[in-house]
Amino acid sequence: GESVGLHLPTLSVQEGDNSIINCAYSNSASDYFIWYKQESGKGPQFIIDIRSNMDKRQGQRVTVLLNKTVKHLSLQIAATQPGDSAVYFCAENKDGNQFYFGTGTSLTVIP
Amino acid sequence: NAGVTQTPKFRILKIGQSMTLQCAQDMNHNYMYWYRQDPGMGLKLIYYSVGAGITDKGEVPNGYNVSRSTTEDFPLRLELAAPSQTSVYFCASSYQGRAFFGQGTRLTVV
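Residue numbers (the working numbering), protein chains in the order written: chain A, 1 to 111; chain B, 1 to 110.
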């Protein structure tokens with residue numbers, strides 16, 4: 001199967017600081033990447049996506065960076081807030097049918 | 001707009017029992033998926049469907065069956081429940097590559 005892994009299983013940041021969550025993927029044929037946020041007891045929610053023809057994409061307080069050379073993806077959250085505490089998953093999609101998820105990084109925001 | 005709706009939210013099964021996890025979406029998406037999520041882990045794809053009448057196996061299909069008779073519904077069937085199937089099950093649908101998830105079904109097999 002596919003391998004989408006995250007470098008750090010847990011991350012703690014001070015409220016107001018920026019957060020960076022990393023993800024490595026193994027399939028160079030993957031052409032679409034998505035970041036999801038999962039709060040306790042809920043299903044994953046879409047945050048931001050990026051296609052392989054892009055290096056960077058920005059949303060509201062979030063930025064996704066894609067480095068295809070080293071097959072690395074990162075999610076940057078600006079001015080992290082307590083409501084950002086959750087598990088963050090990256091997922092890759094290479095044929096439009098299946099999404100492959102990593103283990104996830106648990107982000108804790110310290111007030 | 002309900003999105004993806006899963007029922008039930010919780011269920012306890014005895015070993016060997018069977019049950020169907022229901023999933024319905026009202027967004028007219030062709031693609032639908034079933035995932036399981038074990039504690040502290042990511043999501044593993046069980047089955048998926050690219051449209052009514054079409055289903056295919058994912059990474060961990062053993063012990064499960066699905067059907068897709070309509071665009072809206074994608075039920076997941078467990079025929080002989082085993083403790084290894086204790087997990088949280090998520091149904092999702094997708095459009096243009098973006099997946100929308102239900103709230104999950106927490107299943108315990110004892």
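Treat the hints with care, since some could be wrong.
As the list claims (entries may be wrong) - BS3-like, lysine-lysine: derived pairs with alpha carbons at most 25 angstroms apart:
| no. | chain 1 | residue 1 | chain 2 | residue 2 |
| --- | --- | --- | --- | --- |
| 1 | A | Lys71 | A | Lys42 |
| 2 | B | Lys44 | B | Lys9 |
| 3 | B | Lys44 | B | Lys57 |
| 4 | A | Lys42 | B | Lys9 |
| 5 | A | Lys56 | A | Lys68 |
| 6 | A | Lys71 | B | Lys44 |
| 7 | A | Lys94 | B | Lys9 |
| 8 | B | Lys14 | B | Lys44 |
| 9 | A | Lys94 | A | Lys56 |
| 10 | B | Lys57 | B | Lys9 |
| 11 | A | Lys94 | B | Lys14 |
| 12 | B | Lys9 | A | Lys56 |
| 13 | A | Lys68 | A | Lys94 |
| 14 | A | Lys71 | A | Lys56 |
Calculated from the structure, these hints are not laboratory results.
Going down the list of hints, with the structure as the test:
1. This hinted pair does not check out: Lys71 of chain A and Lys42 of chain A have alpha carbons roughly 29 angstroms apart, beyond 25 angstroms.
2. Simply put, Lys44 of chain B and Lys9 of chain B have alpha-carbon atoms about 19 angstroms apart, close enough for the 25 angstroms limit, and the pair holds.
3. About 11 angstroms separates the Cα atoms of Lys44 of chain B and Lys57 of chain B, which keeps this hinted pair within 25 angstroms; it holds.
4. Only pairs whose Cα atoms come within 25 angstroms are accepted, and Lys42 of chain A paired with Lys9 of chain B is accepted, the gap being roughly 11 angstroms.
5. Straight-line distance between C-alpha atoms of Lys56 of chain A and Lys68 of chain A comes to about 11 angstroms, which keeps the hinted pair within the 25 angstroms bound.
6. Among the hinted pairs, Lys71 of chain A with Lys44 of chain B is consistent with the structure: their alpha-carbon atoms are about 21 angstroms apart, no more than 25 angstroms.
7. Using a Cα cut-off of 25 angstroms, the hinted pair Lys94 of chain A and Lys9 of chain B is violated, with the two alpha carbons roughly 31 angstroms apart.
8. Proposed proximity of Lys14 of chain B and Lys44 of chain B is supported: the alpha carbons are some 23 angstroms apart, at most 25 angstroms.
9. For a cut-off of 25 angstroms, the pair hint linking Lys94 of chain A to Lys56 of chain A stands: about 18 angstroms separates their Cα positions.
10. Between Lys57 of chain B and Lys9 of chain B the alpha-carbon distance is near 24 angstroms, which keeps this suggested pair within the 25 angstroms criterion.
11. The suggested pairing of Lys94 of chain A with Lys14 of chain B is violated, with an alpha-carbon distance near 38 angstroms, which exceeds 25 angstroms.
12. For the hint pairing Lys9 of chain B with Lys56 of chain A, the CA-to-CA distance comes to about 37 angstroms; that exceeds 25 angstroms, so the pair is violated.
13. A threshold of 25 angstroms between alpha carbons decides the hint, and for Lys68 of chain A with Lys94 of chain A the separation of about 14 angstroms falls inside it, so the pair holds.
14. Straight-line distance between C-alpha atoms of Lys71 of chain A and Lys56 of chain A comes to about 14 angstroms, which keeps the hinted pair within the 25 angstroms bound.
The structure shown violates the earlier hints numbered 1, 7, 11 and 12.
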